[in-house]
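Novice: Sequence:
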Amino acid sequence: TKVEALLGRGKFNSALQTLTQHGSAIPQQDALYARARALAGLGQLDEANETLRELRGIAPDNIDAIVAQADVALLQDNNDAANGLLERITDIDPEHIDLRMLRAKMSIKASDFASAEKQLSDALIQLPQADTLTPKKATILSALADVLVKQGRSAEALVYMRVLAEAFPGFEVAQERYRESVALFEKGMLDQAKTELEALLSEYPNFDSAAVLLAVIQFQQGDFEQAADQLNESVDPELVHPEITRMTALSNLRSNRPQQVLTMLDAFPGTQKDARLLAIYGTSAMAVGQTEKGLTALQQAIKLEAGLSPAYIALAAYYNRADPPQREKALELLRTAYANNSQNPVLAKRLVSQLVLTGNAQQAEKIVSQRLSAGNKDLDALSLAAAFFASQKQFDKAEQYYAEVLKQDPANYAAAVQQGIVAAVSGKPFEQVLAKLKHAATIAPGRTNAYEYMLRLVKNDNQLQSVKVALAELEEKVGQRTGSAVLLAFLAARGDIDQASTILDTLNESNTEPEVLERARFAFDVNKARRELAEKNYESAKLSVFSALRSRPQSPELLGMLGQIEIANQNYAETEKIIAQVEGIDSATAKRLQGELHEAQGNKAEAAKSYLEAWQQRPSEGLA
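Position in the sequence shown (from 1) plus 627 gives the number in the working numbering.
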């Protein structure tokens, strides 16, 4: 049911709202049980107990209610009550699986992790449908991962983490809907597939395969900016404070998605004959370092469709990033693309930027003027003009054009944010810039760019306090706490974990979008882990790393930190197991860890060899 799916995903407020709206359609005992679970999940333990007593008044031997009461008793540290309820469950059903779960929880409270592991392993064996990740199985696996971490068996815990990340409670239902979307995609019914995927992701925001397929469709339909958001693997440095650039929190990131795109399109028989799919394939191959494969796919895409903008754009980006940069070659590609498709505003923007980059500002301005005349100052032309004049430090003109954009389209979030950025770089007073960005945030309070740039501007405590006041005023007005989530990430990245923790305690899925909330938690965990690792507080750091790994189980940085912790603890055998797993996810990180392990063991020659291999795979990263 929908309520069960919401509870399984931890959306307790949403479950309560659904019960309030549709509870009459649910059998009374089921509704009371679901309500109690939601209340317990929100920490309202007395209310949960009261609801369970009401349920047992109707059905004294309702075993689910007794189990829930025992859970609440454990949360309230009422071990006597929990033991009494355990005895009652044993009388009713001595083989009930939740008996093992409850005993495991009691063992964990007593720090008897070996006993807890046995109870959880037995519960796992007792479950039917071994290949299906039910909510019950997810709960057991999650608890088992925690117990393994506490016993120092990080590599085994990682396996369970990945299983949990790849699926989730309600996964079977979501997977079926995803398969239907794939079928629509393969039939060329892109609009229908896109609608299905968007609906699916609104319910399951962490369903990575669905997000990747949506990006593929967006690419095919020419919605390149949205597709790039889905597949982007780095934070935009223009919009994020330098201290949180590497944090990857609260930005449109997806762990290891380019590799998923390659895997998906390798399995799709139509890829080699579809220019747009080849363009996506090539872009993704470039992103994971498979340069030759990427170049071949992009060039083939252009042969199949001469006017295919994203293929030219991806190739131009490659030549701009080459060492040394081949900017003239990139410019030639963009000129060719623009000649084939001069109506494309994205191409115009890229060509103008490339002309500026190569010192051809006059030619760039000519294109801007042509588009302003041809488009009768439409929004795309105005935005292009604003960006161009900002790049030339003609801030008054840039401001004028952004003002025209907002006059035509007051809800244009991107223009409002850029107007704030122009005000900042032109040296306007902090409070004026903050006011513009605050206005941008009111247009789209659930998006993060305006908040991020507010914090990028902060240079002292007074300015930080002004931002906090602005966020509080915004949140009171719009009823969303996205700004606080970004502030949390900023504070955590600066090392102010205590303040970040205080904010995190106030965020929940009723006031923050689920995906933003998940990213805020990730930001907190990963930065807490960094601080603890720097302070050599290895046990706490390990717990923080695993908390972050729950949402990013393939994060090279987190896996690298985990390996470093095990090396510091001289758990060399465990480190070897971790390296073996990391090798299949990020080879450069695995090689670096192998080097650190060799170094810790005094094998300097082998360490140097591993470090060199890591550098050869990823020369952009320095090695200490």
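Keep in mind that the hints are not guaranteed to be accurate.
With a straight-line cut-off of 30 Å between C-alpha atoms, the simulated DSSO-like cross-links for lysine-lysine are [claimed, not checked]:
id	residue 1	residue 2
1	K1034	K1004
2	K1204	K732
3	K1020	K956
Hint data in this document are derived by calculation from the structure and do not stem from the laboratory.
Novice: Look at each hint and say if it fits the structure.
Specialist: Against the structure, the hints:
no.: 1; hint: K1034 / K1004; verdict: 12 Å, holds
no.: 2; hint: K1204 / K732; verdict: 28 Å, holds
no.: 3; hint: K1020 / K956; verdict: 26 Å, holds
Violated hints are absent here; each numbered hint is respected by the structure.
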